[in-house]
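Q: Fit chains B and C to the given chain A structure using the hints.
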Amino acid sequence: MKKILDIKNLTIDFNTYAGRIQAVRNISFSLYEGEILAIVGESGCGKTVTSKSIMRLLPEATAQVNNHSEIIFDGQNVLKLKGKELKKIRGDEIAMIFQDPMSALNPTMKVGHQVAESLLIHTKITKKQAFKEAVQMLKLVGLPMAEKRAHEYPNQYSGGMRQRAMIAIALACKPKILIADEPTTALDVTIQAQIMKLIKTLQADLNTAIILVTHDLGIVAGMADRIQVMYAGQIIERGVREELFYDPQHPYTWALLRSVPKVSQKSKSQLYSITGTPPDLLYPPKGCAFAERCEYCMPICRKDPPVETIISKTQSVNCWLQHKDAPKLNKPSGLKGVIHGQSL
Amino acid sequence: MDNHYDKFVLVEYLQKYFRVSGKQKLKAVDGISFYIKRGETLGLVGESGCGKSTAGKTILGLHKPTNGKIIIDGQDITKLSSKEKKQFTRKIQMIFQDPYASLNPRMTVSDLIAEGLTIHKMGSKDTKLRKVHELLKLVGLNKEHASRFPHEFSGGQRQRIGIARALAIEPEFIICDEPVSALDVSIQAQVINLLIKLQKELHLTYLFIAHDLSMVRHISDRIAVMYLGKLVEIADTTNLFENTLHPYTKALLSAIPIADPHYEDKKQSIQLRGELPSSINPPSGCTFRTRCEFATSACAEKEPKLIAITNDHFVACHQVTSDK
Amino acid sequence: MQISKADFIIEGLITQTIDHKMRPSLTYGQDAWRRLKLNKIAMLSLFILIILTLMCILGPSLSGYDFKTTNTLQLNFPPSLQHWFGTDPLGRDLFSRVWQGGRISLLIGFIGTFICITVGTMYGGISGYIGGRADHYMMRVIEVLVSIPSLVMVILLSLYLGSGMLSLIIALTAFGWTSTARMIRGQVLQIKQQEFVLAAVSLGASTARIILKHLIPNTLGIIIVDITFTIPGLIFAEAFLSFMGLGVQIPNTSWGALAASARDNIMFYPYQLFFPSLMIALTMLSFSLLGDGLRDALDPKLRS
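If you read the sequences in order, they're chains A, B and C. For the first sequence, position 309 (counting from the first letter as 1) is numbered 310 according to the working numbering, and the numbering increases by one without interruption. For the second sequence, position 130 (counting from the first letter as 1) is numbered 437 according to the working numbering, and the numbering increases by one without interruption. For the third sequence, position 11 (counting from the first letter as 1) is numbered 47 according to the working numbering, and the numbering increases by one without interruption.
Derived by calculation from the structure, the hints in this document are not laboratory data.
Computed from the model, here is a short list of chain C residues facing chain B with C-beta under 10 Å:
#1 T63
#2 Q229
#3 E231
#4 F232
#5 L234
#6 V237
#7 S238
#8 L239
#9 A241
#10 S242
#11 K249
#12 P253
#13 N254
#14 L256
Derived, one-sided and incomplete: chain A residues facing chain C with beta-carbon distance under 7 Å:
#15 Y18
#16 C298
#17 P300
#18 D326
All of these numbers come straight from a predicted model, not from anything done at the bench. Ideal Cβ placement from N, Cα and C applies to all residues, glycine included.
Chain A extracted, bound-state conformation (with noise of 0.2 Å):
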């Protein structure tokens, strides 16, 4: 498979009155054709920033990206582009959708000339031919009624359909690479399944790569080729799908998965949760940055932090737990999801 996106030392902070809040921590990692890779992380461990700098859609007066830093795209670091090189990127080549699909469309627009709007931006046609474009493109999200409702407002759209609408404006140019930054979480479970399956059936069709930012582990197990584990600015585990709900190795993984309600726990029981919140990245801790809530630390952990090591061609993982002299251990029970009391 052909690498996309490459990301090299990746180093973003975060200038503040208290100080210099590390949000990402030198990561690097590539995005290859046709792929689905779900970041997985809790809120502030810099998903969203990562996801973000690769659109250049950090603000600038505060945000600062290391020198050291890549993007490549297409042969061309992202973070040295400028102006109109930047805008062909956007939107054309590289599309995003957001949490809110509220805020993010314009509420004074109709949604049919809001997805016509990227096409007139990005490819040569005339207006007419454009909203043509952007019905059809609405009926392949799964608009109903799509010709009547691309002449109405956000407003009278639902949750769900403001989520389809979005998706229609960022798959319009059809782009290389789709960002979904936590696209279902301000939907309903039943409305979350239908853009899910949407999401999937539209990647397969236009071969679109995807890099799905979520902290809903039963989200990545249904949607995801590879997945890349998150904390406190870090990458911490990577791997593809099975290895890492089968066979993961961080505790902190570990944790996640556990920490996912189990349908087949008995009411009233303790859930598993992890104890405390992830460090704040203005006072980044010296060792593991996960030493403070791990089961597993060692005084190792809070020293120094771990290098990766290589498990498999896909797997590896940052842990001291794998160096020769760590005790083995055997995994935590309650890690797989289901065991389901229903029947389908």
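A: Just chains B and C now, kept in the frame of chain A:
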């Protein structure tokens, strides 16, 4: 059957209509009835727009019900005078959904938690402060947090502050309005565990409102499923999950994503057609029929009633009840 | 890096270590002040306003001349070392008179603003929170007041009440509070939707408590900005009325009155008009610039 006295909270045929432009009525809550025993948790589940939050707020007294009775501890609170009501609010409290909007940004944590005590003139300054420290400890925060402002805390910590505020005036019944849906998964579990612990220690009764079934299962003794202002199924938790009857409940259950790739690949989830109809013009007969794969012509004609299938399992669906 | 076997013994969670370093606590005010300090123009304006206020307090006693005492030997003296701002047609020291006039101007500005903001905030807060029919009628009252040409009313009122500071303040504040009330109402309509207001209601808080403790403190930002725009507005209105001869009466004076009396001699003694006008202009400009800076500092979301 339980005797009447056991039912600490009893809601009978509660209706709440809102007038929208002209003579149209938005039937947010359209005749729901249920009870909650003392020390029990009832989960109230439904998608956004189904009226579950309105039901919660009406029971709390923030809305005046259009019709119906709300009997708490033997007293019909819809018939109280405003002065009696103020006294009664001490018994019912609410934990809100949005931990960012539910705390006044201009008040310190100790002022926030002590507000109920101040309003009801409970205790001097010193005793109030001691109580605030006790409550902070109870919800897993520490004394040092008392003088800080809400924006300095994470979502989970703010929700703990919200819980402490509700507990300050020693309520017996707490309405939890989607208290974890704005939080990360790992933090959700912390808050749910805290709520379970507090229920055991303080013998609280909960109405737990949520929009999906995954977390509700862990805290609820019984679960009621709501669709477009009406209850469609109500059963104890094990029964609801293991012997699901209503097609809507089935769809809700199958929509929960499971953190297991093989399972997700094989799963044939029930995809609901379309979206929630408007509650201004709800479909005739069974309101769910427009999205239901089993709907027949009979569903359009008659409204299904909640019928007991087993002792404590009620369902409102023609297809289920006609089989019996 | 030295690693020993002892480094690899699992300790698990050490509960005592969960001693989170919290970020330095910043209250709303401190945070706004931090942002305001970065705005050089606003800080300069603030500095000028402090100097002006200090001079109004101390100025009249600095030059050694009383502002009322006439001196027939020193009529219309230009600015010099003896009389820093010169003298007026009656030989009174203009330096003393300008700062004495400033006292009155600023005092009217401050007191008038205090009244306007208090009345406006309460009115707007009540109207917005209660809503419904009460809100409807309260807003109609404001519309009626606004539709009367305020200058005509102010002139009529000051004629009826007679001249003097008290009547000036009454005349100026009688209509001045309406814009504040409208603004606060709009803000309150937004804030009252938030869950913390519901939380207070469910705790049994009274209407007064909700308005005073929950709604108005959250409009503080726009109140402060409104203050910085109301003060110069009132100073200007006072100057205008005094210029028309409806303001403070001799021997007392204000910037407007000083400018008015200098009008006759503008061809010969322009400095008599220059100094009071300069003070009015400086005050107006500084308040406006400070207000802009405060608006950005108090509500960073408004800044693009």
